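A.B. asks: Using the sequences and the accompanying hints, generate a full structural model.
What follows is the residue order along each chain.
Number of protein chains: 2
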Amino acid sequence: MEPTTQPKVPEFHVAVDVVALTIKRNLLQVAVVQRKGTQSCIRDPKGGVVREVPREPFDYALPGGHVEWQGESLVEAACRELLEETSIEVKPEDLVQIGAYGDVGRDPRSGRTVSIAYVAFSPDFASPFAGSDAANAKFMDVVEVLADPNRLEFDHNQMLRDAISRVRELMERTPIALKFCDEEFTLGDLRHVYEVMFHPAYNPDADTLRFADRIRREESKSDSSIAERQIHVLSKAFSESSKNELMMTMPMNDMPMGLSSGRKMTRDQDVLAKVQKLLEEEYRRASRVSTPGEKSAREKMKLSFDAANFARKAELIEGFIERIPGRTRQSSSGTGKPAQLYRRGRAEKLDPPLIIPRRATKPAKRTAK
Amino acid sequence: MEPTTQPKVPEFHVAVDVVALTIKRNLLQVAVVQRKGTQSCIRDPKGGVVREVPREPFDYALPGGHVEWQGESLVEAACRELLEETSIEVKPEDLVQIGAYGDVGRDPRSGRTVSIAYVAFSPDFASPFAGSDAANAKFMDVVEVLADPNRLEFDHNQMLRDAISRVRELMERTPIALKFCDEEFTLGDLRHVYEVMFHPAYNPDADTLRFADRIRREESKSDSSIAERQIHVLSKAFSESSKNELMMTMPMNDMPMGLSSGRKMTRDQDVLAKVQKLLEEEYRRASRVSTPGEKSAREKMKLSFDAANFARKAELIEGFIERIPGRTRQSSSGTGKPAQLYRRGRAEKLDPPLIIPRRATKPAKRTAK
DNA sequence: GCAAAAGTGTTTCCCCTACACCCATGG
DNA sequence: CCATGGGTGTAGGGGAAACACTTTTGC
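Which chain is which? The protein sequence lines are D and P, in order.
Position one of the first sequence corresponds to residue 1 (our numbering), numbered consecutively onward.
Position one of the second sequence corresponds to residue 1 (our numbering), numbered consecutively onward.
Derived from the structure by calculation, the hints contain no laboratory data.
Since the model is a prediction, treat every value here as computed from it, not as a measurement.
Hints are supplied without guarantee of correctness; some may be wrong.
Same chains, same names: a pair is fine if it fits in one copy or spans any two.
[To be verified] With a Cα cut of at most 25 Å, we get these calculated SDA-like pairs of lysine to any residue: (1) LYS46 / GLN70; (2) LYS91 / GLN158; (3) LYS46 / GLU93; (4) LYS91 / ASP162; (5) LYS349 / GLU169.
C.D. replies: Printed below as a string of structure tokens:
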């Protein structure tokens, strides 16, 4: 209720941030940068305000920056910043707005900054490398980014969580998951995408620290040479050479090698396999009904990831996928029956949404038996 | 890809807009203002850019304005603007962010304006009256606002539609609808809230013009004295006196008088009843399966609004509502069996969401019969 | 008695889950 | 032959929609 005469509008900065999510080797990864300078902008645990503190080597930020000229739309700015800071190139239509973040204390540097966050979800981001304003740029496992001691600057932590929820929504109601499949894909390929994205480790309330710890423990057990402090557990699990070698044998863009096994087991691959086993095991733990006492939200996460039923469900959705008669492909692990190939349908919306916890999954009658 | 040296950040304005939605007499209404000045900012049908054109008496805008001082958060600004322009008072926690609207051409006036839109959904807004910057402020039927010849300035049209979708989501997953019920309410009361909010007339693709036309036709048939041009079809359907009189007889805040009938039929009430019959009929039309050929998105809107099953569903959701043993209340229309009273439960999230089109409602076997 | 609304009971349908089982492949 | 993953078949449990019917009120 100030005097309404000629309001003294404060100096505003409008920024954009991009949560670039992708899936590598069955793990959800996000593009992060390490900003230049000696100070990081970290949220004060008590008070909630962001303060400048001495920069640590494990401080990260999402790529982003200011809208820079008059005629630049918000999405355009987001694309540009992503490109500049990480060399990742996306089209404006690939960005989905998450929302505006405008808390007063969210940027201690100068004036007042409102940031519009976008999410990009794509399998074929270029390998990031640092550009302007960033000393470093790379993809990191999401659980790793969110776990101690790593820190995300500003309110990027919240943005990341919001982005994941948004992508989950998109995966329920749009064929966005097909971006992670080749033109011809198997139902197993498709299912993997959903399994990763809906993994309980990425739930808002997930204990990412525990996850990350277990992953780290696996890593140290393998006494892999790259064990520095805690960063980069998996993004460097492969040396460049063996990575390329692996890529050759993978039918899909960076797709799995399955949840277990693998043809040529290097030591690094061995670590990887164990980590993935952990995730898989954790997924089961989180979705199984153990004690009939508490059916928390987590429990509802029980998804139709039973291979058989997932397939039926996906095929049932009109315009989602269509089978390619006669064409099959050997499963990625090399074993098993060759799978039927599909291609994407014409639908832009998935009408019966693919994944809905439609009932509060009863503890199953099996308890009686 | 401009030179990245010292980016010339443009002059940005940060604004907020509020979509204040409420339900009056079974119709969804939104708070709009008429700005002062001789020019309206209307989107050019061809080109999509907003231009200043001579103001017409049927031009409206959502309440909103600039964030005015350094320490003012976005929600605070939204609250303040709503209060200033419409005298409606809301608490920050009642506002839900819809998103940021930052298209380049969205405000032709000065510099570049990014607006953060919020939605408020509450039954007990004060009666709005114009404040600063607004020559007029009132609640209007949503269908009326969206229909010719009325115009919403800037991109407020889109904001309104987005707001409605957001509220629908909230009604599925949170007990927000209970805000429209008294502390003690019947399942019929609750059901009405859902029926209004999910009415096909408010679907993004709805033919609001047709709706508004039919409502207007009803109005002119009744040769009600208030028939001006097209504005205020229903918001003035009651004279102040009979309005107060009606309020007395209504058990809930501005709740219905049922979808038909009414104890004391004044002429205005007669019009109203007819209009509501139209809406009801339209709802049925839109949700019935007519030709088994096209099962459009509209068709999926078929909701569980069958009274009996809605009640069962609501009672099933844990923590949503709890019955008050022994207490009943006469239905608002005065007729019918007195209904069981309920009070709100402790749940903040509705766990099996109340309304989900879980199957692509088959054309019903009835075709065969 | 009749209309209107609430509430209860019941039937039918079919979705979804789970499980069993077969298939095809590499090793 | 076994392990592995793909795929089909199917039984049963259960939710929900639809419908029938009763109850209680005002007129």
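A.B. asks: Hints first: check each against the structure and report whether it holds.
C.D. replies: Taking the hints in turn, this is what the structure says about them:
In this homomeric assembly, LYS46 and GLN70 come within 25 Å of each other (Cα to Cα) only across copies, at 22 Å, whereas the closest approach inside a single copy is 38 Å. In this assembly of identical chains, the alpha carbons of LYS91 and GLN158 lie at most 25 Å apart whether taken from the same copy (24 Å) or from different copies (23 Å). When the C-alpha separation of LYS46 and GLU93 is checked against a cutoff of 25 Å, the pair qualifies only between copies, where the shortest distance is 21 Å, while the shortest distance within a copy is 39 Å. For the homomeric pair LYS91 and ASP162, the shortest alpha-carbon distances inside one copy (21 Å) and between copies (23 Å) are both at most 25 Å.
For the homomeric pair LYS349 and GLU169, the shortest alpha-carbon distances inside one copy (12 Å) and between copies (17 Å) are both at most 25 Å.
Of the numbered hints given earlier, the model fails none.
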